[in-house]
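These protein sequences, in sequence, are chains E and Z.
Under this note's numbering, the residue at position 127 of the first sequence is numbered 966, and the numbers go up by one with no gaps.
Under this note's numbering, the residue at position 179 of the second sequence is numbered 193, and the numbers go up by one with no gaps.
If you are wondering where the hints come from, they were derived from the structure by calculation, not from laboratory data.
Among the hints, a few may not be true.
[Stated by the list, open to error] Here are some chain Z residues pointing at chain E (derived, C-beta under 10 angstroms):
id: 1; residue: Ile-177
id: 2; residue: Leu-193
id: 3; residue: Pro-205
id: 4; residue: Leu-274
id: 5; residue: Glu-276
id: 6; residue: Arg-278
id: 7; residue: Leu-279
id: 8; residue: Leu-280
id: 9; residue: Trp-282
The C-beta atom is built at its ideal place from N, Cα and C for all residues, glycine as well.
Here is what each chain is made of, one letter per residue.
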Amino acid sequence: MSAQVERLKPEVPVPPSAVPAVEVTGLRRHYGTRVVIEGLDLFIGRGEFVALLGQSGCGKTTLLRALAGLDPIQGGEIAVAGRPAVVFQEHRLLPWDNLWRNVTLGLEVPDARGRAEAALTEVGLGARLDDWPRNLSGGQAQRVALARALVQEPALLLLDEPFAALDALTRIRMHALVRDLVERHQPGVLLVTHDVDEAITLADRILVMRDGRIAAEHPSPGRRTTPEFRDRLLADLGVSTTEHD
Amino acid sequence: MTAVERHGAQSYAAGATQRRLGARSLLVISWIVPVVLLAVWEAMARLGYLQPHVLPAPSKVALTAWKLTLSGTLVSNLGVSLLRAAFGFAIGGGVGFALGIAVGFSRLAEAVIDRSVQMVRAIPFLALLPLVIVWLGVGEGQKIFLVALGVGFPIYINTVLGIRQVDPKLLELGRVQGLGTWRLIRRIILPGAMPSILTGVRFALATAWLALVVAETIGSQSGLGFLAMDAREFLRTDVIVLTILIYAVIGVLADSLARLLERRLLQWHPNFGGKR
């Protein structure tokens, strides 16, 4: 029977990134008279890891919040497959709920505890099911937040500078964990960050946002990155790496 | 050289003595003082320095407590008082909580309710007593109303405050996780507001008891206050002192009850629950 199923598979599998996780066309977002995003188009496929770089105030967090459905949009269209999951810069764990209750917040399934255990095990905290958030370190709390996002099996995972508040070593460990988890769960990922190296390490594709638009787009060279590529990204961001005259 | 050594040894010994005195002895001393005061009071009364109608001996008060308990008078009057407090607390607390929830959630409700409530709150609620007596007489209604009035305000204010203080970032998280209104209230808003609400409950318990003392002092036919006022007629200071002591004990018990609630419901809170 399994052989039959095998035979029915198409010769050339559809690459996962062709299945849309989110598709944005002509997005417009403004606060009063100040236009933050104007005519923005974006496509992220399932299993694709996209990093969004930009200076503070360029509208990258505004874009993420619009994708998350947290803010109203003034024009254009956002088509998300299902409800996106978000990991914020702060862990935002509920201090009055233990870890498994936190992880399953908003999840309506019969065996919530079992699902939480599986998710917490994936982030290396399977033994802390009944522990309280206040007993966690910053990195551990952020891992629980990651488990809470992934337990929903989202088609789109939005990461809003989730590693910014962590120390350097913890951040490196988190990078490996996130890459691992994304590979296993295959959501489309949008990582908002201002860390160029983080973007290169984690993403398949890097977008640079400036003045409310996608100003540049590059496939990430990953481990085969060069100082020149890094300089080019920084130039896209409007940061000069050559000495001033 | 030996002098220095001896000096060192002596000062070490002195330090140790002081440490021993520290923990246990201070506790003992802190209890010795009230016991001594009680003994002095007893001695003064027995030796005739204190007239029985001014201040009866503690032993006499204890004896009176025993007699009144046996005759059932104490228990029945205590029961009446507790019932009044409970009814008043339930009504005042219920109304205060409901209004607090409404105002906490809705700006419209705030516009409609809050200013008026704050204006009424400016009146010391005991000052309303004469008016309440005109409205409701001196029956059960007056007593329960006064308790409810005293309880309603602290519960209302702390409920509103608690809801307003819930971290907006957690509310946002609730929306991201797809919580509906009811589950948002259950999982995030009420637990977040709970420390403040329980502070209100503690205040309200103290106020309820105070309101009851005042209300029962006037025109009661039953209750602890009646017991005290009735005793006044016959210069039974032993009964009066007894009721005062009972008021104190119940006040302490009510406060411990509130603390217990805090420890149970706020286990997660570093300021209330113990380490786990």
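Status of the hints after comparison with the structure:
Among the interface hints, the one on Ile-177 of chain Z is violated; its C-beta lies about 15 angstroms from the nearest C-beta in chain E, farther than the 10 angstroms criterion. Because the closest C-beta pair between Leu-193 of chain Z and chain E is about 5 angstroms apart, less than 10 angstroms, the hint holds. Among the interface hints, the one on Pro-205 of chain Z holds; its C-beta lies about 4 angstroms from the nearest C-beta in chain E, closer than the 10 angstroms criterion. At about 18 angstroms, the closest approach between the beta carbon of Leu-274 of chain Z and any beta carbon in chain E exceeds 10 angstroms, and the interface hint on this residue is violated.
At a threshold of 10 angstroms, the smallest CB-CB gap from Glu-276 of chain Z to chain E is about 13 angstroms, leaving the interface hint violated. The restraint placing Arg-278 of chain Z at the interface with chain E is violated, with a minimum CB-CB distance near 12 angstroms, outside the 10 angstroms limit. The restraint placing Leu-279 of chain Z at the interface with chain E holds, with a minimum CB-CB distance near 9 angstroms, inside the 10 angstroms limit. Because the beta carbon of Leu-280 of chain Z sits about 8 angstroms from the nearest beta carbon in chain E, less than 10 angstroms, this interface hint is met.
Of the supplied interface hints, the one on Trp-282 of chain Z holds, with its beta-carbon coming within about 4 angstroms of a beta-carbon of chain E, less than 10 angstroms.
The structure fails to meet hints 1, 4, 5 and 6 from the earlier list, while all remaining hints are met.
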